[in-house]
Amino acid sequence: MIYLELFLAFFIPNIIGYGGGPAIIPLIEAEVVGRFGWMSSQEFAEVLGLGNALPSPIATKMAGYIGYEVAGIGGATIAVFATVVPTLLIMLGALGLLYRYRDSPRVKRMSQWVRPVIAMMMAGLVVSFFFESLDGVGLLHTLLIAAMAAIALLLFRLHPALVIAASLAYGGLLLG
Amino acid sequence: MIPLVHQEVVKRHAWMQDEEFADVLAIANTLPGPIATKMPGYIGFRVSGTLGCINAVLAVILPMIIAMILMLGLFSRYRDVSWIHGMGQGVVPVVMVMMGQLTWDFLNKSRLALGWAVSLIMAGMAGGLIYWLDIHPGLVIGALLAAAMLPRLTPGKAVKEATR
Numbered sequence: 001m002i003y004l005e006l007f008l009a010f011f012i013p014n015i016i017g018y019g020g021g022p023a024i025i026p027l028i029e030a031e032v033v034g035r036f037g038w039m040s041s042q043e044f045a046e047v048l049g050l051g052n053a054l055p056s057p058i059a060t061k062m063a064g065y066i067g068y069e070v071a072g073i074g075g076a077t078i079a080v081f082a083t084v085v086p087t088l089l090i091m092l093g094a095l096g097l098l099y100r101y102r103d104s105p106r107v108k109r110m111s112q113w114v115r116p117v118i119a120m121m122m123a124g125l126v127v128s129f130f131f132e133s134l135d136g137v138g139l140l141h142t143l144l145i146a147a148m149a150a151i152a153l154l155l156f157r158l159h160p161a162l163v164i165a166a167s168l169a170y171g172g173l174l175l176g
Numbered sequence: 001m002i003p004l005v006h007q008e009v010v011k012r013h014a015w016m017q018d019e020e021f022a023d024v025l026a027i028a029n030t031l032p033g034p035i036a037t038k039m040p041g042y043i044g045f046r047v048s049g050t051l052g053c054i055n056a057v058l059a060v061i062l063p064m065i066i067a068m069i070l071m072l073g074l075f076s077r078y079r080d081v082s083w084i085h086g087m088g089q090g091v092v093p094v095v096m097v098m099m100g101q102l103t104w105d106f107l108n109k110s111r112l113a114l115g116w117a118v119s120l121i122m123a124g125m126a127g128g129l130i131y132w133l134d135i136h137p138g139l140v141i142g143a144l145l146a147a148a149m150l151p152r153l154t155p156g157k158a159v160k161e162a163t164r
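Going line by line, the protein sequences match chains A and B. All residue numbers in the first sequence are consecutive under the numbering used here, ending with 176. All residue numbers in the second sequence are consecutive under the numbering used here, ending with 164.
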């Protein structure tokens, strides 16, 4: 049963999440934190933080780790399978068809129409992380860390891994 | 990551021509989910069949999955230690900012394709359905995808029907 739930929790986001890897993040959160309650918002933020600091696609890193947390190596395998295999099979099986329709207005519409919905859900995650942090460390630390992170990422274009490492250091020294 | 894969596949190993690589990328973009697993999967399959496919995908994803499990596993085990707990809390505002960046990125791309009005109305309707009426996001997006497949509808009309 848990394997079926894990499969669905990663299959659904990956079959509807148009717009590349990041598009599936809020969809996975809706399943993992919202629907199945396998993780708290805080834990999900930690997974996302480390996931952003390490190379390789975010979708499979999240699937592998969350699957493992929920149901061990079998769980990790199922979650990664649900992330990678269905769309890869479609690609290998329907290459000719997809090639013919790659510029079709309908195919373009699919990703165009999904985008605002994903943007909305991403905004929902921003709000939920804000309240999570407000609850945990209060307004001052939340705004201070967020402001420093925004300056480092947007202004100085530092690598996300450096910014995550700095926030870990800040948290370890000042929030412990 | 795509430019690095291109470098290896086209320039170094010459498994594919430039043009074919661009086509594969375009096709991967017509499908949902991460691009960075579909590309290696397809290229691996082309170069040496099913085993090549599995091998290429695992090479891309496995090392960092193991790193995640090891690092976060260790972190979770010592969560009760106060400074480690603090480290976890320090990350949340940063993730919030990164998610804000992604939100803007998606909204901006949406604006370029659909304009501000349509983007914001669609986002608002989706938000109402998902957060207020508690409808599963899969159903909302599924309905939109189905509507996008319908022929000869002006976007505005179809959106209304899909989200009604």
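In short, the hints are calculated from the structure, not lab data. None of the values given here were measured: they were computed from a predicted structure. Among the hints, a few may not be true.
[Unchecked claim] Far from chain A, by Cβ distances over 10 Å, these chain B residues were calculated:
{"hint": "1", "residue": "M16"}
{"hint": "2", "residue": "P32"}
{"hint": "3", "residue": "I66"}
{"hint": "4", "residue": "V118"}
[As the list claims (entries may be wrong)] Straight line, CA to CA, 35 Å or less: simulated DSBU-like cross-link-like pairs of lysine-lysine:
{"hint": "5", "chain 1": "B", "residue 1": "K109", "chain 2": "B", "residue 2": "K11"}
{"hint": "6", "chain 1": "A", "residue 1": "K108", "chain 2": "B", "residue 2": "K11"}
{"hint": "7", "chain 1": "A", "residue 1": "K108", "chain 2": "B", "residue 2": "K109"}
In this text, a Cβ means the ideal position worked out from N, Cα and C, and glycines have one as well.
The hints, checked one at a time:
At roughly 13 Å, the least C-beta separation between M16 (chain B) and chain A is larger than 10 Å, which holds for a residue marked as non-interface. Separation of P32 (chain B) from chain A is inadequate, the least Cβ-Cβ distance of about 5 Å not exceeding the 10 Å criterion. Listed as outside the interface, I66 (chain B) is inconsistent with that label: its C-beta sits roughly 8 Å from the nearest C-beta of chain A, within the 10 Å cut-off. The non-interface label for V118 (chain B) is inconsistent with chain A: the shortest C-beta to C-beta separation is roughly 8 Å, within 10 Å.
A hinted pair counts as satisfied when its Cα atoms are at most 35 Å apart, and K109 (chain B) with K11 (chain B) qualifies at roughly 31 Å. A threshold of 35 Å between alpha carbons decides the hint, and for K108 (chain A) with K11 (chain B) the separation of about 30 Å falls inside it, so the pair holds. Proximity of K108 (chain A) to K109 (chain B) is assessed by CA-CA distance (about 13 Å); at most 35 Å being required, the pair is judged to hold.
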